[in-house]
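> Work out the full structure: start from the sequences and follow the hints.
As you go down the protein sequences, you meet chains A and B in turn. According to our numbering, the residues represented by the first sequence are 373 to 685, in order. According to our numbering, the residues represented by the second sequence are 11 to 155, in order.
Since the hints were derived computationally from the structure, they do not count as laboratory data. No experiment lies behind these values; they were computed from the predicted model shown. Heads up, a few of these hints could be off.
SDA-like, lysine to any residue: derived pairs with alpha carbons at most 25 Å apart [stated by the list, open to error]:
1) B:K77 / A:G514
2) B:K77 / B:A52
3) B:K50 / B:E29
4) B:K77 / A:G492
5) B:K77 / A:R516
6) B:K77 / A:R481
7) B:K50 / A:R495
8) B:K50 / B:L31
9) A:K588 / A:A450
10) B:K50 / A:P494
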Amino acid sequence: MGVFVFLPLVLPLTAWPVARLAEQHLHPRTATRLLTGVAAVMAVCSTVCLGLLMVVGTAQLPGNPLPDGWSDPEVREAVPYDEVVGRAAIPALCVVALACARTLWRHGRTRRRAHRALAGLPRTEVAVLPDATPYAYALPGGRRDRIVVTTALLDRLEPAERRALFAHERAHLAARHHRHLLAVQLAARANPFLRPLRTAVAYTAERWADEDAAQKVGSRRTVARAIGRAALVSRAAPPAAFVGFAGFAAPGPVPRRVAALLGPAPLGRRWPSVFTTVGLAAWGAAAGTAVSAMSSANSAVTMIFILHAATPL
Amino acid sequence: MLSALRDAGGPATAGWVQERLGSDLAYTTVITILTRLLAKGAVTRERVGRSFAWLAVADQAGLAARKMRRVLDAEGDRGAVLASFVTGLGPDDERLLRELLGQSRDALGESGDALGRSRDALGQSGDVPGQSRDALGRSRDGGED
Numbered sequence: 373m374g375v376f377v378f379l380p381l382v383l384p385l386t387a388w389p390v391a392r393l394a395e396q397h398l399h400p401r402t403a404t405r406l407l408t409g410v411a412a413v414m415a416v417c418s419t420v421c422l423g424l425l426m427v428v429g430t431a432q433l434p435g436n437p438l439p440d441g442w443s444d445p446e447v448r449e450a451v452p453y454d455e456v457v458g459r460a461a462i463p464a465l466c467v468v469a470l471a472c473a474r475t476l477w478r479h480g481r482t483r484r485r486a487h488r489a490l491a492g493l494p495r496t497e498v499a500v501l502p503d504a505t506p507y508a509y510a511l512p513g514g515r516r517d518r519i520v521v522t523t524a525l526l527d528r529l530e531p532a533e534r535r536a537l538f539a540h541e542r543a544h545l546a547a548r549h550h551r552h553l554l555a556v557q558l559a560a561r562a563n564p565f566l567r568p569l570r571t572a573v574a575y576t577a578e579r580w581a582d583e584d585a586a587q588k589v590g591s592r593r594t595v596a597r598a599i600g601r602a603a604l605v606s607r608a609a610p611p612a613a614f615v616g617f618a619g620f621a622a623p624g625p626v627p628r629r630v631a632a633l634l635g636p637a638p639l640g641r642r643w644p645s646v647f648t649t650v651g652l653a654a655w656g657a658a659a660g661t662a663v664s665a666m667s668s669a670n671s672a673v674t675m676i677f678i679l680h681a682a683t684p685l
Numbered sequence: 011m012l013s014a015l016r017d018a019g020g021p022a023t024a025g026w027v028q029e030r031l032g033s034d035l036a037y038t039t040v041i042t043i044l045t046r047l048l049a050k051g052a053v054t055r056e057r058v059g060r061s062f063a064w065l066a067v068a069d070q071a072g073l074a075a076r077k078m079r080r081v082l083d084a085e086g087d088r089g090a091v092l093a094s095f096v097t098g099l100g101p102d103d104e105r106l107l108r109e110l111l112g113q114s115r116d117a118l119g120e121s122g123d124a125l126g127r128s129r130d131a132l133g134q135s136g137d138v139p140g141q142s143r144d145a146l147g148r149s150r151d152g153g154e155d
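Okay, structure coming up:
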């Protein structure tokens, strides 16, 4: 097996071009689902790989409670630099577990607190808050799904644009976009190489909701205007991380969303034909990802088999 | 009774309301009126210890807004949990956005309008017609370039 054992750890790098292509060429719905699936599979494979490396590399060391048989010399032969890698895998696994637990905990806490903040209001779907800061978001909560919007934002939108805003947030809730977002966040915690997928899914989920909203209100331009206006009035400072690269910054997500809405509607078909340039790129990317994921899984399964064979149970 | 509750600036007990009104309303009368207002949806109440704390509904919305702000401020990476309608604009995004919206003929004036209003909101200067007209004109100039 040799260095192929480490493949699941670095294969997520292949997700970068895939994310880029899917974001630009696929229907946002397809892109969101595809990229979330890819991120989840690659994250699981990468974590399983880390776990196996840890077991193989360190089981034979005195003081490790795992059965020594799990790291027989034959098993260790499959892993280059087994001891170094095994020792390195322990803190890596701890970091992954802690980061994922923290993400889950923060997600739950924020949702709980937001629901608690709205507890005193009438139980309507839309909660309008009297606040001078313009913002709006979808707050998922099973049957208690809510749309939170401030008067400051509503005052600045025209009736048609308000309808676009509500349609957009309802689309988020109806398609349970928060699950996609949480999945890619956890994946990005499990393997930092998957971070571009998180950014890509955050964008494609917004685009998905934009397209749904455009269909609901029957005008792509109205949705574009609502987004543009909301962005201009709520003009928050960009995330600190991007400030340093301002000179090289690609256009942010909001102008890209508006530009996409002012352009032609994306094709409703799930997949473009293979015989177009776009189709070729999309299919190529999808096939590449599938192969990557398969070989990730393959490495993990092979190692499990080796361990199973070597375990005197 | 409602204005007394609104003046309270937070949840108030029936005893406080009675004192505040200063008239010779009996405590039970105050409770009865509050309960009727509750049925109409004009006030809400929450249990505090053995009695209720009452709150005017307009206040309730303000209270919810303040609580929500606290939740959002505590959440440094807002986008991480709640998918908000729009995210922050980068340094070049604003210009790009105006150009995009300027492409559609009718949106030009409106985007300028939005600019003026947002300027007002930022400066908290209220309605200064000159300022917003100025902003509108400038954005028109920008759009025609």
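> All hints are to be evaluated individually against the structure, with a verdict given for each.
Checked hints:
no., hint, verdict
1, B:K77 / A:G514, "holds (21 Å)"
2, B:K77 / B:A52, "holds (20 Å)"
3, B:K50 / B:E29, "holds (23 Å)"
4, B:K77 / A:G492, "holds (11 Å)"
5, B:K77 / A:R516, "holds (18 Å)"
6, B:K77 / A:R481, "holds (14 Å)"
7, B:K50 / A:R495, "holds (15 Å)"
8, B:K50 / B:L31, "holds (21 Å)"
9, A:K588 / A:A450, "violated (56 Å)"
10, B:K50 / A:P494, "holds (12 Å)"
Violated hint: 9 only; the structure is consistent with all others.
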